[in-house]
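**Q** Knowing the structure of chain A, use the given hints to seat chains B and C on it.
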Amino acid sequence: MDGSLIWRILGGVLNVGVVLLVAPLFQGVLRKVTARVQSRQGPPLLQPYFDLLKLLGKEDIESGETPLMQRFAAYLSLATVLTVACLVPMGFVAPMNGVADIILLIYLLTLCGICTLLAGLAAGSTYSLVGASREMMSMITLEPLLAIALIVGAVHTGSFRLDTVLNGSVYETTGIPWSGLIMLAVMILSFQAFVQRLPFDISEAETELMEGPLMEYSGPKLALFKYAQMAKLVIYSALFVRMFVPWGSQFAFPLAGLLFWAMFWVKVFVVVLLVTLVAATHARYRIDQAIRFFASLFAVALGALVLASYGH
Amino acid sequence: MIAREMFEEFKARFGPLIDRADLPSDRRLFVFVDRTVVKFVCQHIFRELDARYVASIGTDDRPFSGKFLVAHNFAFDKDHVLCSVLTQLPEDDLKIDSITKMVPAASWAEREMRDLLGIEPVGHEYLKRLVLPDGWPEGHHPLRKDVPWNEVPESYNDTEDSEFKFNDPPEGCTVVPFGPFHPTLDEPAHFRLYVEGEMVRGCEYRGFMVHRGIEKLAESVMSYNDIPMLAERICGICGCVHSVAYVQAVEEAAALKPPLRAEYIRTIMLELERLHSHLLWVGLACHIVGFDTLFMQSFRIREPIMWIAEKISGNRKTYAICLIGGVRRDITHELKAELRVVLDKLESEWRPVVAAVSKDRNIQKRTCGVGVADKLLVKNAGLLGPVARAAGVEIDCRRDHPYAAYDRVEFDVITAQSADVWGRVVVRMNEVFESIKIIRQCLDKMEDGPLQLEIKDELPVGRMGLSSVEAPRGESHHFVITGENNRPRRWRVRAPTYQNLQGIPAMIKDQQIADMTISLGSIDPCFSCTDRLETIDLRSGKTRVWSQKELFEMTRTRTKAT
Amino acid sequence: MSVLSKLGETLICLKAGRVTLPYPAQALPVPENFRGRPIFDATKCIGCAGCANNCPAREILVFDVCQEIRILQYLGRRCTYCGRCADVCPEKAITMSLEFENATNKISDLGQKLDLFMSTCQRCGRCFKGAAALDELKMKGYRSDDIPHERWIYRADAFLETEPVVEDIQIELD
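Chains as they are written, first to last, in my numbering: chain A, 3 to 314; chain B, 4 to 565; chain C, -16 to 157.
Pulled out of the complex, with its shape left as it was, chain A reads as follows:
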């Protein structure tokens, strides 16, 4: 028990550390690829690190309606994302495997979204409130999609454990996994919204709302939010890979485990690239169009859930 506790702690530290280290790098890749698609040079790959360092070095100004809540929202967002990092198996067994299950995962992911809401409401200016209301509306229709995907997996495997569900469990049926394929399509179509990129970055529409909920943030608190957003991209990509393309990512042998740990990250990188390409080639949708889109996806996902309960 003791050895596994140390192993858990090490695994947690490793997960969190890798996410923290790699998130700005993926963001840099995203910006560079977007720039190349737009025929321009783009910032250096390591630019997000410098951006975060610069923001952290700025003066910590209190502004907005309730500064305490603003500060709390900033801390909470990064903390939630990093906690989720400990729940997702990234190439080996998740550190919090025995003590957490997918229900906790769903709650924590929703909490990530709520942090943006808190930020917007705490700032209290008109634009941030409009952004917060947009975020609320999209969250209501969006978060259930991921929850249903996880629950479909849970229904197939009959358990809520992280390592069973987050192992391609949506495909574990006899015969063709219809519900799994449907959920794969649903997640592909809505993935951009989870990571808040075009065409669904409605709550932070720069040209319409001047950054929306994050309008009153600057300096270190903004750095925390930005970091949380970058880490969210990594976490969601990792979740996607674990749920839908997990093959070859979990082995017990140390050496082979290292190889498959690397392969896991390659797959995450590919997902990030696809996100970038889609974001670079689409215009932003309006909130009502987006909500209608998600609502129809929700109906499809419910259909998949029904199929799953019948064993398909």
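Just so you know, the hints here were simulated from the structure itself, not pulled from any lab data. Keep in mind that the hints are not guaranteed to be accurate.
Claimed, not checked - Interface residues of chain B toward chain A, partial, derived using beta-carbon atoms under 8 Å:
1) GLU199
2) GLU201
3) GLN515
Unchecked claim - List time: in silico BS3-like cross-link candidates among lysine-lysine, alpha-carbon distance up to 25 Å:
4) C/LYS75 - B/LYS459
5) A/LYS34 - C/LYS(-2)
6) B/LYS98 - B/LYS219
Note that the structure is predicted; figures quoted are calculated from it, not measured. Using N, Cα and C, we set each Cβ at its ideal position, and we do this for glycine too.
**A** Showing chains B and C alone in chain A's frame:
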């Protein structure tokens, strides 16, 4: 002699009410009427003869004729005539009947006359300050001849009185302030949106934050050949248009005809400007809906035009190429060849973009059905340019009131029928090809010759000239009265955005906030051209000065209530 | 189909490649007609003040110290690089160079001052007439712009005293 026939008709109808008439050419008509009948004449012209409203101009003519002058300009597009209805007002009774009830497009122009000259439009329903800030003292009118151009009235206190006096918002609406600082707007403008949830129910517009007093400068300290350089800087994109329009107005007033080669060169520069403006706009519209990739691509495709313009004129945008009587620089044979190469490349790169965007449903979803301006609004608010052409109204000054070399080249006028932002996108994208066609024809037809007229005598004094030039945004109309001391007596610039902005409140009503920016962007606003902003309010009535604290309080309570 | 049009757009983008120019690592290509900073050549200048009369921004000040000495100062602050001065100069003493990197933290870097020794005209003793009717600034007599305070004074002094002969409007430009 179309103008003569029109005048005969007027004479038959109004007879003794006409004091005087001038017909300087077969395309211009100046009719002086008594001030009591201005309304009837304008109604006859606008409604019964179905002319298009162009501008209303006020002038302080006291040093010369002892009276104030008001001109209402209309355009008969099918007959190719620009007509001006003028009336003289005595100094002690400075009132004129407002024509805004029949011609809603004149709303701003009359408020401007009141602000800057003190001419009171009787019967105008919404007499708030337009150009001058709210705290400006009454009775001090900057455009009058006895007011020096650099005088600031002592009773104007810049700090206390500088808040705008806004109207009350309608029931159940929150106020979302849009501007003056906003990422979408390139220039400062303030739209006070009244929103209910996400839907815009009305707006109040305040602007004229970049009013620079150009007209006063031109009358007081500049000379005839300095003003094209100033006119060029009225706008950040359509600079050549304004300098050509001014120069043409003066040439018309002084009865000068520039050499043919100069006309061709002016045409080429105007079309080059249209090319770069439309390409910029398509990129900007995509940026507003969040599609940055097409924004970057449009700018990449547009860049060679800026380089060739720099080679021809010496600067990427401020060409400084027009002078009274001709142009300053020539397009040599090498430049011609280079220009042809640039145009070929532009066309080959723009065709695939147009093809791709026409089928792009993602962009269409954001732009179809948004910012609708139908034919009725176009007529009443006097909307111009691609906004009007997208609604199916076929007006184009290059064809209707030909100037420079446009009567010698052939081109089509592009229209669409959908009257929304998507129609404007389509119109602007396709006008690029027409511009390329025009430039190619000019390059082929250009003959050798002098670039500039030899003007030996001073220009005659007291003559009026009108000129309508098709800017990328619509018709840009200049009115000049020549004067002594080598400078004009009056120069009025009416940019197309001046009229198009008056249609904005109707276009954004009952749409979402997200659509407001693209609707505003679709008229291609050039606030520097406009210098002013106008607001049309839902509820007229009491005004109240809101302090910032009160505004915040109101916003928060409303948001908590919804 | 929307996907095909998106693919079409992406192909357009990728075919174009990278168009960013490595400025300032590499100098920007400037065409020969470019209107950059004007350079005044004092050896060719005859002091006719045609440039000062035709500058739309009124950035060239003229000051007559006495009958024989005239100071011409180009301030360069609001210069719009229009090139009118170069156009009207009868001696081609002004060239529009190709320099556009004119940013400086000391505005006097851009100024050019010409101290000119004037010889009197045989017939009238003083004046020059502009080339064309529209290139004149309606001022007669001696010019006395305020060079130490860099102000252009729209008033004519006929005999170097302060009473104006021509009743011009008393306007001063900062």
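**Q** The structure should be examined with respect to each hint, and the outcome stated for every one.
**A** Here is what the structure says about each hint:
Interface hint status for B/GLU199: violated, as the beta-carbon distance to the closest one in chain A is roughly 12 Å, over 8 Å. The beta carbon of B/GLU201 is positioned within 8 Å of a beta carbon in chain A (closest approach about 7 Å), and the interface hint is therefore held. Evaluation of the B/GLN515 hint against chain A yields a held restraint, the C-beta minimum of about 6 Å falling below 8 Å. With a C-alpha separation of about 22 Å, the suggested pair C/LYS75 and B/LYS459 falls inside the 25 Å cut-off, and the hint holds.
Distance hint between A/LYS34 and C/LYS(-2) is fulfilled; the C-alpha atoms sit about 17 Å from each other, no more than 25 Å. For the proposed pair B/LYS98 and B/LYS219, the alpha carbon gap of about 22 Å is at most 25 Å, so the pair holds.
Going through the hint list in order, the structure does not satisfy hint 1, though it satisfies all others.
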